[in-house]
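In the numbering used here, the protein residues as written are 55 to 307.
Bear in mind the hints are in silico, worked out from the structure with no lab data behind them.
For glycine and all other residues, C-beta sits at the position ideal for the given N, C-alpha and C.
There could be a bad hint or two in this list.
[Said to hold, decoys possible] Here are the simulated DSBU-like cross-link-like pairs (lysine-lysine), alpha carbons at most 30 angstroms apart as the crow flies:
{"id": "1", "residue 1": "Lys301", "residue 2": "Lys246"}
{"id": "2", "residue 1": "Lys166", "residue 2": "Lys245"}
{"id": "3", "residue 1": "Lys284", "residue 2": "Lys301"}
{"id": "4", "residue 1": "Lys245", "residue 2": "Lys284"}
{"id": "5", "residue 1": "Lys124", "residue 2": "Lys209"}
{"id": "6", "residue 1": "Lys124", "residue 2": "Lys245"}
{"id": "7", "residue 1": "Lys76", "residue 2": "Lys209"}
{"id": "8", "residue 1": "Lys302", "residue 2": "Lys206"}
{"id": "9", "residue 1": "Lys166", "residue 2": "Lys206"}
[Said to hold, decoys possible] Across the chosen pairs, the derived CB separations fall in these ranges:
{"id": "10", "residue 1": "Ser271", "residue 2": "Val239", "range": "36 to 46 angstroms"}
{"id": "11", "residue 1": "Leu86", "residue 2": "Leu149", "range": "36 to 46 angstroms"}
{"id": "12", "residue 1": "Gly254", "residue 2": "Glu274", "range": "47 to 57 angstroms"}
{"id": "13", "residue 1": "Met303", "residue 2": "Leu165", "range": "52 to 62 angstroms"}
{"id": "14", "residue 1": "Asp294", "residue 2": "Thr160", "range": "13 to 23 angstroms"}
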Amino acid sequence: MPTTLRCAIIEDEPLAQELLEKYVRRVTFLELAGTFDDAIAAFAQLPALAPHIIFLDINMPEMNGIEFLKALPAPHPVIIMTTANPHHALDGFELGVADYLLKPITFDRFLKAIGRIRERVPAAAQAPENRVVPAAIPQQQPVADLDFTYFKTDKRIEQVLFAEIEYVEALGDYLRVFLQDRHIVTHLTIKKLLEILPAGLFVRVHRSHIVQLRRISSMEGNMLHLASGKELLIGPNYRDEVRNLMKKMLANT
55 MPTTLRCAII EDEPLAQELL EKYVRRVTFL ELAGTFDDAI AAFAQLPALA PHIIFLDINM
115 PEMNGIEFLK ALPAPHPVII MTTANPHHAL DGFELGVADY LLKPITFDRF LKAIGRIRER
175 VPAAAQAPEN RVVPAAIPQQ QPVADLDFTY FKTDKRIEQV LFAEIEYVEA LGDYLRVFLQ
235 DRHIVTHLTI KKLLEILPAG LFVRVHRSHI VQLRRISSME GNMLHLASGK ELLIGPNYRD
295 EVRNLMKKML ANT
């Protein structure tokens with residue numbers, strides 16, 4: 055049995071998130087590896103955190119806890135579901151969930167769940183190289199070095215390499231992501247995507263557009279010409295930033 059159990063929290067309700075963080079910190083053999091309010095972001099970053107336990111909320115936007123669990127590759131960490139609806143527990147147990155915590159979560163119920171779980175985590179998990187991870191990504195690889203992310207499209211979860219993205223167009227609370235040979239539509243805000251994309255590879259050129267720098271063939275006035283032939287207008291609020299960025303990358307000044 056490992057001396058310390060690493061925990062990740064996936065919970066979109068701020069109060070429930072804070073409560074779980076507080077409970078984890080009160081237990082000496084628990085360590086908080088990371089907290090997420092978005093299941094899609096968690097899906098991409100969990101491999102590098104290598105948690106033993108995931109506290110997983112069921113009701114979340116974009117991707118709910120059941121969808122997340124179905125998409126999580128095996129072997130995966132021990133899952134403890136958190137929900138305000140006890141009827142969801144059956145769905146979780148059918149997917150191998152170890153326990154569920156009914157909101158509002160009390161500390162004694164939290165301890166009871168952890169006590170049940172503690173003996174289930176194999177002793178081999180003590181060694182960092184043997185920790186149970188939710189995907190076949192070397193855990194020593196930092197999150198910042200990952201060259202891909204996942205997008206939920208309809209009923210699928212697709213892996214997309216950052217290098218494949220030419221540009222992104224915002225459609226309200228949805229995004230149309232243009233790849234080299236196709237495009238996908240996903241329920242995500244442009245603000246949230248900017249938090250995921252590597253800053254050195256992409257630039258926001260309009261309130262509705264993000265462009266990969268490598269795909270910009272030329273700039274004329276306020277227009278960008280992309281490798282695919284697509285032309286995009288640089289928004290008034292983004293022109294100074296784009297121009298300054300292009301100047302920094304000029305071979306001849």
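Right, here's what the structure says about each hint:
1. Lys301 with Lys246: 27 angstroms, holds
2. Lys166 with Lys245: 39 angstroms, violated
3. Lys284 with Lys301: 22 angstroms, holds
4. Lys245 with Lys284: 23 angstroms, holds
5. Lys124 with Lys209: 11 angstroms, holds
6. Lys124 with Lys245: Within the cut-off at roughly 27 angstroms; holds.
7. Lys76 with Lys209: The given pair, whose Cα atoms are some 34 angstroms apart, is violated under the 30 angstroms limit.
8. Lys302 with Lys206: With a Cα-Cα distance of about 35 angstroms, the restraint between Lys302 and Lys206 is violated, given a limit of 30 angstroms.
9. Lys166 with Lys206: 34 angstroms, violated
10. Ser271 with Val239: 36 to 46 angstroms: For Ser271 and Val239 the Cβ distance comes to about 25 angstroms; the hint is violated.
11. Leu86 with Leu149: 36 to 46 angstroms: About 24 angstroms separates the Cβ atoms of Leu86 and Leu149, which means 36 to 46 angstroms is violated.
12. Gly254 with Glu274: 47 to 57 angstroms: Taking Cβ atoms as reference, Gly254 and Glu274 lie about 24 angstroms apart, which means the hint is violated.
13. Met303 with Leu165: 52 to 62 angstroms: 55 angstroms, holds
14. Asp294 with Thr160: 13 to 23 angstroms: 53 angstroms, violated
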